[in-house]
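Chains A and B, in that order, give the protein sequences. Oh and the first sequence: position 142 is 142 in the UniProt record's numbering, straight run, nothing missing. Oh and the second sequence: position 227 is 227 in the UniProt record's numbering, straight run, nothing missing.
One should not assume that every hint holds.
The calculated label-pair distances, taken between Cβ atoms and stated as ranges, are [claimed, not checked]:
1. 70(A) - 29(B): 40 to 50 Å
2. 216(A) - 1(B): 38 to 48 Å
3. 75(A) - 38(B): 53 to 63 Å
4. 231(B) - 17(A): 37 to 47 Å
5. 7(B) - 302(A): 48 to 58 Å
6. 23(A) - 231(B): 42 to 52 Å
7. 16(A) - 194(B): 45 to 55 Å
8. 231(B) - 70(A): 25 to 35 Å
With a straight-line cut-off of 25 Å between C-alpha atoms, the simulated SDA-like cross-links for lysine to any residue are [said to hold, decoys possible]:
9. 228(A) - 262(A)
10. 127(A) - 87(B)
11. 140(A) - 86(B)
12. 96(A) - 89(B)
13. 131(A) - 10(B)
14. 117(A) - 92(B)
15. 84(B) - 70(A)
16. 109(A) - 83(B)
17. 131(A) - 25(B)
18. 140(A) - 92(B)
19. 108(A) - 182(A)
20. 209(A) - 11(A)
21. 96(A) - 169(A)
22. 131(A) - 23(B)
23. 120(A) - 138(A)
24. 108(A) - 90(B)
25. 117(A) - 96(B)
26. 140(A) - 10(B)
27. 117(A) - 127(A)
28. 120(A) - 171(A)
29. 239(A) - 257(A)
30. 127(A) - 113(A)
31. 96(A) - 84(B)
32. 140(A) - 94(A)
Please keep in mind that the hints were generated in silico from the structure rather than gathered at the bench. We put the CB at the ideal spot given by N, CA and C, even for glycine.
Residues per chain, in single letters:
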Amino acid sequence: MQPIISIAGVSKTYATGFTALKDINLEIRRGEIFALLGPNGAGKTTLISIVCGIVNRSSGTVTVDGHDIGSDYRAARSLIGLVPQELTVETFETVKNVLAFSRGLFGKKSDPALVEKVLKDLSLWDKRDSKIITLSGGMKRRVMIGKALAHEPQILFLDEPTAGVDVELRKDMWALVRGLRDAGVTIILTTHYIEEAEEMADRVGVINKGEIVLVEEKTELMRKLGRKQLIVQLREPLKAVPEALGAYRLELSGDGNALTYTYDNQAERPGVASLLRDLESAGVAFRDIDTEASSLEEIFVNLVRKTP
Amino acid sequence: MNFRAVWAIYRVEMARTLRTLLQSVISPVISTSLYFVVFGAAIGSRISEINGISYGAFIVPGLIMLSLLTQSISNASFGIYFPKFIGTIFEILSAPVSYLEVVLAYVGAATTKSVAIGLIILATAALFVDLHIEHPFWMVAFLILTAVTFSLFGFIIGIWAANFEQLQLVPLLIVTPLTFLGGSFYSIDMLPGIWRTITLFNPVVYLVSGFRWAFFGHGDVSVTISLAMTLVFLAACIAVIAWIFRTGYRLRT
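Only chain A is shown next, with the shape it has when bound in the complex (with noise of 0.2 Å):
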């Protein structure tokens, strides 16, 4: 299947020589979830500008729909719905004149119904006549949001989502994007919140210092990337991990009832059968087992510390 968004060897310079991004190569598959990962001034932000049209490119091409961003702009810009990280909205205006606004930029016939909708899936209908000025932080990222799907976009740019947003409200715009992308609408979503791609991503691209390190499903990413542990609960306490267990690695927990074994899954032999056998020759009793898979985030900060 064509990707939906094509990135190919696309570089940004500023002014003042800082490079932000490096030629990057990414596509963008028909209606998944993105996440795009990255630490601060990763290039996350320049990338998704690029493509919306907000940064100028230094090189390279981008394609939205098979539409060239640069020469077939109106088509590739109609398509895509952006939620900026900053909360930027005019104050003085009610929500349901903020996105009727964004609705009318994008060239679309006035539609109340479906503005009223979009309000209500957002849980703002009631607040559709009050003045953005009057409404919490929350409410406002909502009402970005918003403006974002009065167009009926086919993409739909999530930069910092639920950013400063509570854990109620950012489930709520969880279901939402899960909501959307099962409509058929493809997410690109960047964040801090490793969880929350841990959560709804179906890939993952890791950027880093203007480079992408990595692009991945995500559960082939933590399967691949992943490192397991094995937590021994001992009948007896150790003062000291027996030297016959010395090519295991194992860490012993501070009152000594505890060792753990980390290991690589993908490895052809992670070697937990042997370590139990040789706990029994070696005469360490345990009572329990139990195994820990690594999270995203750890996966991240490791992708993150390798890059040179």
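Following the hints, complete the assembly by docking chain B onto the known chain A.
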């Protein structure tokens, strides 16, 4: 052409004026009335007629031009600067709209507002002095042409300005002095030789003169020159805006 986008921006800009109706409309009416009380009644009664026109009537075109220039510049510059300042410009930049459509919407709204204010001042002036407009078509033409030109100029200032101080800099330090010294309240023929020659370098002289010609049938300089100078300034503003949009100057980094 994305007419819906033009209309959407235009409506938001006009809605801002309606929200501040007192400031937008009542304030020019009051200041015009004050000008007539001071210059028309108090001082004007001691000034002899100029080219057979009472001083009160003589200053009407200059007064309208003064408001037209300042209002066009401030409306258009604020119109585009405000979204830059609060950050909502992202939506305009990421929408499927062309630069021409953006200019049409912002400059169209600024022009509408300043022409409306010009007409309100004209109506207010008619309450104080006996007015007869010699060339109504040209009066309207000069009114609209000047409003469009200076709204374009204001749009350029709004894009250039990096802060509120810069936004006020050109109108306060350049445009207002040039308007006062451009024959708004006197005929440049009243000036001594060298000052008259120097004044001819002031572009506002041509705007006021052409507008006054439309009212009374004669101005300080030929109407053809007035029209030509206005069109030259219009062309210069269009050229600068074309360059801004080609390069993305202070809009797209």
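Worksheet item: Are the Cα atoms of residue 117(A) and residue 92(B) separated by 25 Å or less?
Response: The given pair, whose Cα atoms are some 24 Å apart, holds under the 25 Å limit.
Worksheet item: Does the Cβ-Cβ separation between residue 216(A) and residue 1(B) fall within 38 to 48 Å?
Response: 44 Å, holds
Fill in: Agreement of residue 140(A) and residue 10(B) with the hint, judged by alpha carbon distance not exceeding 25 Å
Status holds; Cα separation ~24 Å.
Worksheet item: Given the proposed pairing of residue 117(A) with residue 96(B), does the C-alpha separation stay at or below 25 Å?
Response: Judged against 25 Å, a Cα distance of about 24 Å means the pair holds.
Worksheet entry | 25 Å Cα cutoff - pair residue 96(A), residue 169(A) | Within the cut-off at roughly 21 Å; holds.
Worksheet entry | Holds or violated: residue 239(A) to residue 257(A), with C-alpha atoms at most 25 Å apart | This hinted pair holds, its Cα atoms lying about 9 Å apart.
Worksheet item: Does residue 131(A) pair with residue 10(B) here, judged by a C-alpha cut-off of 25 Å?
Response: 20 Å, holds
Worksheet item: Would the pair residue 108(A) and residue 90(B) pass a check requiring their Cα atoms to be no farther apart than 25 Å?
Response: Between residue 108(A) and residue 90(B) the Cα gap is close to 18 Å, so the pair holds against 25 Å.
Fill in: Consistency of beta-carbon spacing, residue 194(B) to residue 16(A), with hint 45 to 55 Å
Hint holds: Cβ distance 49 Å, inside 45 to 55 Å.
Worksheet entry | Restraint status (C-alpha distance of residue 96(A) to residue 84(B) at most 25 Å) | Roughly 22 Å between the alpha carbons, so the hint for residue 96(A) and residue 84(B) holds.
Item to complete: With a cut-off of 25 Å on the C-alpha distance, tell me whether residue 109(A) and residue 83(B) pass.
Response: 23 Å, holds
Worksheet item: Are residue 84(B) and residue 70(A) close enough, with their CA atoms no more than 25 Å apart?
Response: 22 Å, holds
Consistency note: the structure conflicts with none of the earlier hints.
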